[in-house]
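Trainee: Okay, here's what each chain looks like letter by letter:
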Amino acid sequence: MLLNFQKNAIRSRGRVLSRGLVRWANTQAMCSQFKVDILNGLHAFGASVIRGATTKDAYKMALYAVTASRGAGDTVYNTTGELAATGGYTAGGAAVTTGTAPSLSGTAAIFTPSASVQWTSFTSSAAFDASLLYNDTSSTKLAVAVFTFGSQTVTAGTFTLTMPTNAAGTALIQIS
Amino acid sequence: MGKNELIAAIERMTDENLTHFAEVCHDISKRLRGYEDLGTAARSILGLPDPEPQVAEVPVAEPGSNDVTIELKGVEARAETNGF
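These protein sequence lines map, in sequence, to chains Z and E. Going left to right, the first sequence walks through residues 149 to 324 as this note's numbering numbers them. Going left to right, the second sequence walks through residues 27 to 110 as this note's numbering numbers them.
If you're looking for bench data, these hints aren't it; they were derived computationally from the structure. Just so it is clear, the structure is predicted and the values come from calculations on it, not from any experiment. Keep in mind that a hint or two might mislead.
[Said to hold, decoys possible] Cross-link-like lysine-lysine pairs, in silico, BS3-like; alpha carbons within 27 angstroms at most:
(1) Lys204/Z - Lys99/E
(2) Lys99/E - Lys289/Z
(3) Lys289/Z - Lys204/Z
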C-alpha cells in the first residue's frame, strides 16, 4: 500500500521505487495551462499583436451550402457559399454565446459556447451542411473552425445547433 | 345516425313499426351474401342512395414540425513539443 507522500509523488510525476523511496523526474510537456492561455489570447509569439479589444471577443457562426468549400484552409470568414440573406438568415450568421471561459479538462484546454445557436422562422436558400465559427471582433473576421453535419433543408422552421458537452473529448474546441 | 341513436329510435318505435323494422332486418340478414357490408346491404334493400364519399382529411403540419436540431461535434488541435 502506498503512503500519502508516495501517492502525491506519483501525481507530481515522481516514481516510487521498489524500496519505497521516491525518485522525482522531469517530464517534457507542453504546459496544460498554456493551452488554455492560448484560447484566452494571453500569448503572442508573433511580431505583431493585433487585438480587437481588451475584453473577450465576439464570435459568430455562419451557415454554408453543400456546394461550398469551407475547411481547414479557411483563414477568415468567407461569404462564398454562405446561405443567402433571406428567409430569416442574416449574412454573417448568428451570434455565439461565450458565457463559459476556456478551461482545463485533464490536460486538454477546452471551450464550448454556453448556448445553442439558433435561426427561427428560417427557410434555407439552399441545402447546407456546414457552419463556420469565426471571430467577429477581429477586423478580418478570423476563422476558428468549420463544423459539418448532414445536409439540411429547412422550410419555415427553427434550425438549432446545440453544443456538445464541455469536457475533454467532446468540447467544441479542444487543444490537447 | 349513430349506434346509440339507432337503439334509442328502436326503443321509441310503436309495435307496428318495430314489426316492420324486424322484417327489414330479417330481409337484410337473408340477402347479406354478395354485399361488402351490412350498410351496403341495407341501402340496397331499402333503395337508399350511396353515402357521399368521405373526403380524406389532409394532415395539417403541427407547429414546429419543420424544426431541425443538430448537435455539433467538437474539433481538436494537438499541441506537442519536440525534444532537442
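Trainee: Would you mind marking each hint as holding or not holding in the structure?
Mentor: Results for each hint:
{"no.": "1", "hint": "Lys204/Z - Lys99/E", "in the structure": "23 angstroms, holds"}
{"no.": "2", "hint": "Lys99/E - Lys289/Z", "in the structure": "22 angstroms, holds"}
{"no.": "3", "hint": "Lys289/Z - Lys204/Z", "in the structure": "14 angstroms, holds"}
Of the numbered hints given earlier, the model fails none.
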